[in-house]
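Q: What follows is the residue order along each chain.
There are 2 protein chains.
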Amino acid sequence: MARKAAIIGGGVIGGGWAARFLLNGWNVSVFDPDPQAERKIGEVLANARASLPALSDVPMPAEGKLSFAETITEAVEGAEYIQESVSERLDLKHRVFAQIQQSAPNTLLGSSTSGFKPSELQENAANPGVIFVAHPFNPVYLLPLAEVVPSPKSDPQAIERAKELLREIGMFPLHVRKEIDAHIADRFLEAVWREALWLVKDGIATTEEIDEAIRMGFGLRWGQMGLFETYRVAGGEAGMKHFMAQFGPCLQWPWTKLTDVPEFNDELVDLIAGQSDAQSGMHTIRELERIRDSNLIGFMRALKDRNWGAGKVLREHDERRRADLFSENPDSSAPLLMSRMQVLPGWIDYNGHMTESRYLFAASETSDAFLRLIGADMDYVAGGHSYYTAESHIMHLGEAKLGDALTGTCQVIGADEKRLHIFVRILKGTEPVATIEQMLLHVDMKAGKTCAAAPDVLARLLPIAEAHKSLPRPESVGRHVGQRKA
Amino acid sequence: MARKAAIIGGGVIGGGWAARFLLNGWNVSVFDPDPQAERKIGEVLANARASLPALSDVPMPAEGKLSFAETITEAVEGAEYIQESVSERLDLKHRVFAQIQQSAPNTLLGSSTSGFKPSELQENAANPGVIFVAHPFNPVYLLPLAEVVPSPKSDPQAIERAKELLREIGMFPLHVRKEIDAHIADRFLEAVWREALWLVKDGIATTEEIDEAIRMGFGLRWGQMGLFETYRVAGGEAGMKHFMAQFGPCLQWPWTKLTDVPEFNDELVDLIAGQSDAQSGMHTIRELERIRDSNLIGFMRALKDRNWGAGKVLREHDERRRADLFSENPDSSAPLLMSRMQVLPGWIDYNGHMTESRYLFAASETSDAFLRLIGADMDYVAGGHSYYTAESHIMHLGEAKLGDALTGTCQVIGADEKRLHIFVRILKGTEPVATIEQMLLHVDMKAGKTCAAAPDVLARLLPIAEAHKSLPRPESVGRHVGQRKA
Numbered sequence: 002m003a004r005k006a007a008i009i010g011g012g013v014i015g016g017g018w019a020a021r022f023l024l025n026g027w028n029v030s031v032f033d034p035d036p037q038a039e040r041k042i043g044e045v046l047a048n049a050r051a052s053l054p055a056l057s058d059v060p061m062p063a064e065g066k067l068s069f070a071e072t073i074t075e076a077v078e079g080a081e082y083i084q085e086s087v088s089e090r091l092d093l094k095h096r097v098f099a100q101i102q103q104s105a106p107n108t109l110l111g112s113s114t115s116g117f118k119p120s121e122l123q124e125n126a127a128n129p130g131v132i133f134v135a136h137p138f139n140p141v142y143l144l145p146l147a148e149v150v151p152s153p154k155s156d157p158q159a160i161e162r163a164k165e166l167l168r169e170i171g172m173f174p175l176h177v178r179k180e181i182d183a184h185i186a187d188r189f190l191e192a193v194w195r196e197a198l199w200l201v202k203d204g205i206a207t208t209e210e211i212d213e214a215i216r217m218g219f220g221l222r223w224g225q226m227g228l229f230e231t232y233r234v235a236g237g238e239a240g241m242k243h244f245m246a247q248f249g250p251c252l253q254w255p256w257t258k259l260t261d262v263p264e265f266n267d268e269l270v271d272l273i274a275g276q277s278d279a280q281s282g283m284h285t286i287r288e289l290e291r292i293r294d295s296n297l298i299g300f301m302r303a304l305k306d307r308n309w310g311a312g313k314v315l316r317e318h319d320e321r322r323r324a325d326l327f328s329e330n331p332d333s334s335a336p337l338l339m340s341r342m343q344v345l346p347g348w349i350d351y352n353g354h355m356t357e358s359r360y361l362f363a364a365s366e367t368s369d370a371f372l373r374l375i376g377a378d379m380d381y382v383a384g385g386h387s388y389y390t391a392e393s394h395i396m397h398l399g400e401a402k403l404g405d406a407l408t409g410t411c412q413v414i415g416a417d418e419k420r421l422h423i424f425v426r427i428l429k430g431t432e433p434v435a436t437i438e439q440m441l442l443h444v445d446m447k448a449g450k451t452c453a454a455a456p457d458v459l460a461r462l463l464p465i466a467e468a469h470k471s472l473p474r475p476e477s478v479g480r481h482v483g484q485r486k487a
Numbered sequence: 002m003a004r005k006a007a008i009i010g011g012g013v014i015g016g017g018w019a020a021r022f023l024l025n026g027w028n029v030s031v032f033d034p035d036p037q038a039e040r041k042i043g044e045v046l047a048n049a050r051a052s053l054p055a056l057s058d059v060p061m062p063a064e065g066k067l068s069f070a071e072t073i074t075e076a077v078e079g080a081e082y083i084q085e086s087v088s089e090r091l092d093l094k095h096r097v098f099a100q101i102q103q104s105a106p107n108t109l110l111g112s113s114t115s116g117f118k119p120s121e122l123q124e125n126a127a128n129p130g131v132i133f134v135a136h137p138f139n140p141v142y143l144l145p146l147a148e149v150v151p152s153p154k155s156d157p158q159a160i161e162r163a164k165e166l167l168r169e170i171g172m173f174p175l176h177v178r179k180e181i182d183a184h185i186a187d188r189f190l191e192a193v194w195r196e197a198l199w200l201v202k203d204g205i206a207t208t209e210e211i212d213e214a215i216r217m218g219f220g221l222r223w224g225q226m227g228l229f230e231t232y233r234v235a236g237g238e239a240g241m242k243h244f245m246a247q248f249g250p251c252l253q254w255p256w257t258k259l260t261d262v263p264e265f266n267d268e269l270v271d272l273i274a275g276q277s278d279a280q281s282g283m284h285t286i287r288e289l290e291r292i293r294d295s296n297l298i299g300f301m302r303a304l305k306d307r308n309w310g311a312g313k314v315l316r317e318h319d320e321r322r323r324a325d326l327f328s329e330n331p332d333s334s335a336p337l338l339m340s341r342m343q344v345l346p347g348w349i350d351y352n353g354h355m356t357e358s359r360y361l362f363a364a365s366e367t368s369d370a371f372l373r374l375i376g377a378d379m380d381y382v383a384g385g386h387s388y389y390t391a392e393s394h395i396m397h398l399g400e401a402k403l404g405d406a407l408t409g410t411c412q413v414i415g416a417d418e419k420r421l422h423i424f425v426r427i428l429k430g431t432e433p434v435a436t437i438e439q440m441l442l443h444v445d446m447k448a449g450k451t452c453a454a455a456p457d458v459l460a461r462l463l464p465i466a467e468a469h470k471s472l473p474r475p476e477s478v479g480r481h482v483g484q485r486k487a
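Going down the list, the sequences are from chains A and B.
Sequential numbering of the first sequence, starting at 2, is according to my numbering.
Sequential numbering of the second sequence, starting at 2, is according to my numbering.
A portion of the hints provided could be inaccurate.
Simulated restraints on C-beta separations [what the hints assert, rightly or not]:
no. : chain 1 : residue 1 : chain 2 : residue 2 : range
1   : B       : K402      : A       : V270      : 51 to 59 Å
2   : B       : K402      : A       : E400      : 50 to 58 Å
3   : B       : H176      : A       : R178      : 42 to 50 Å
4   : A       : H481      : B       : R321      : 56 to 64 Å
5   : B       : G282      : A       : Q37       : 45 to 53 Å
6   : B       : M379      : A       : P106      : 38 to 46 Å
7   : A       : A63       : B       : D405      : 39 to 47 Å
8   : B       : N107      : A       : R178      : 56 to 64 Å
9   : B       : H176      : A       : G353      : 49 to 57 Å
What the hints contain is simulated information worked out from the structure, not anything from laboratory work.
C-beta atoms are modelled at their ideal positions from N, C-alpha and C, and glycine is treated no differently.
Let the sequences and hints guide you as you build the complete structure.
A: Written out as structure tokens, the structure reads:
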């Protein structure tokens, strides 16, 4: 039974929350009186469907059911979590909370507010203990950060449950321990925005020049290390104190300057809007969203490869979801069905097809599952023995495309104490898109030499090899690259 | 004849400049009276050698010659460009400039200063016209941004020459049209630093929490779009004006708050240094540098795939060098060196070795680079034609481990209008860890059929194929899986 989240207030932020819950398998009920809400959320969801799965290396759960409620009461009924993203007006938020808590007084209630502190949100609430700030960052379906801000009135257990729940939908809940205006991240954004307004107003730089000054330099640093770790590295072996020691009379405490506030008027708005048109007007907003999401996927996948920053969050999220795909007992009178996979956006190359190395990846998933089946699993490897692949021959026979469901089968061609000769088929339906013939050698990893496999392993492997002798030998076994067909 | 740059002042910034010039084929002469300068620059150079080539898809030029000069006069002799990165003391910079201009009054003279304006640097100079700010960002060998700031006294032609020269070493010169304290980017850094000092001082957040608030959210946005383009997208179809319209009474002009200045004292320094130790102390600075550089490479390669932001700079830099490559004619007496890679944590399997499918990934990186070299690049694919891999044979010959530097070479075994038979070696040092024999077919993607490659492509491919006929045929070409050695 899918879990249910209620999203109060649609738009870009509410829609982003809805998309994140839906793609993580939750049912979502949205309440938003705007007649355009369904279209708007549909657009955000389309972007999310085109991007979020590209970050996953395990099959996504079935998408939850999206519904639109006529009333707040209907939306929150049976919900395990409620996220409020209505306009930034405190009186409106108070009215919405009162209505929510009439029918769901004990349900976790997060607010997307950037402008209000949780103690302000809680004023006059029926149950202030379950109300807190859960401040996300656009695009909500991709960026992991959610600032979770309780007030002293918030129930600590409710906050812990909320954080765990946010982790379950792939987010990084940052617990802000003391409430403060603008939480943490937006304080930086406001400081930078103030400076940027000055620079444009005084004609020092255009919006485009300012964006280049950020994305060609420190923006790249901040996406992976933030502020302090970056400066720690800049300080060299002497570390953080050394970095800070350089601030002295010669730099005249630079952060003590530049605190004037520019006047914000129509003239400035027009100036900025005009420059922004010149900079980005050749792309529609829809195009820019896709470009942004594609870039974010690239960054986050790079971090995932390196198990760092946001990539660490992605890996942990995969671990949670990695289901044991094989509880069934394999039948040894046919090639063994060893893996089920889905072609994810991250597996696609610039031709729009599954990228070459992913076929071998799919084969590895299949042969690894076979090795686990015969007992050559991670514990066995930890004991110092393993099967190494010595040689592979891949035939590309068809094309796998985005979203295709693939299965991997394993047929044993031959086996003895040290050698394991297998033939893996990667199938789309019943048609092979690739076949991979492999020779594996059993090795003593410490000695770096082949040796006989453990009796346990052989006791499982050899009967399968014997049974597979009766299977037809695949035509391409023994084939070399470029060989003419017989 | 290699061009020469003079680097006055070593350290992390001067060393970064030296590395960038050297790896782009320039000779570099360094002057720095610090007896540790040679060691320090050597360390920066080692980092640069391990990372910068990973951004290039064309072979790097031969590294320039690094020398250390006894005097400024010796360092600048014959230099086409001089970069000053001494300590941030104006009197020191003036003395250095006077000495430089005694012997090289007309040479372009950029300063790495973040603290001084160009008009201040030019005071009392023999030739102020060639002096300007060229403010880089650490790590200088990777990040493309250099803020180029002239004063009214600077010679506009000199500034244009300097910008062109910086592009030639792969940088993005951002012309700051009016001089101003802290140029552009550092004004943002100072504003953020001030806010961060407050948050730590007041116990709102630790250094680690602040770094997470940045790198899990807006840091990822800023690395690819900067500030204004990000907000433009957030504003939706209604655009920038709509985004700014949301600032109104309800948000109380947020950037007008938070302008107080925290007191900077030993207590605050100790607090920050202690938190930073707790956050990052498990890594040495050398490790953090490598992690940072590896992450930056991941980001920048993701942007390069998408031809966006810093990735556009990388592509343009490749284009400049590819032209050189064809004018030189690739050395056909050896397999072509087409790729340099590093084994990343995400490439490692549970055996602690590079995972099997990554060898094919490495081969794809190599063959893709070869395809780009012969003009079958992404534009060509966009036009509806491509090379598809029909068949591959992989020999696993060695073990690659975490952090290993790998190179990929490509030898053409045979080629005609439709077929391309190649042999890729993945090398650790000079030893192959894997070889991959592949048959690629040229296809009309729409028709789904093989067809002849474009004349342009064949005009590049066939001479290489002809030249490679003289190379020894690799022993394993034509081998099938499990074949006994001859």
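Q: Does each hint fit the structure? Answer for all of them.
A: Right, here's what the structure says about each hint:
Between K402/B and V270/A, the C-beta spacing of about 56 Å keeps the proposed range 51 to 59 Å intact. Checked against the hint of 50 to 58 Å, the pair K402/B and E400/A fails, with Cβ atoms roughly 34 Å apart. Roughly 44 Å separates the CB atoms of H176/B and R178/A, a value that falls within the hinted 42 to 50 Å. Range check, H481/A to R321/B: Cβ separation about 41 Å, and the 56 to 64 Å hint is violated.
Range check, G282/B to Q37/A: about 51 Å between beta-carbon atoms, so the 45 to 53 Å window is met. Checked against the given bound of 38 to 46 Å, the beta carbons of M379/B and P106/A, roughly 57 Å apart, lie outside it. A hinted range of 39 to 47 Å holds for the C-beta pair A63/A and D405/B, which are about 41 Å apart. For N107/B and R178/A, the hinted distance range of 56 to 64 Å is satisfied, since their beta carbons lie about 59 Å from each other.
Take H176/B and G353/A: their Cβ atoms lie about 39 Å apart, and the range 49 to 57 Å is violated.
Checked against the numbered hints above, the structure violates hints 2, 4, 6 and 9; every other hint is satisfied.
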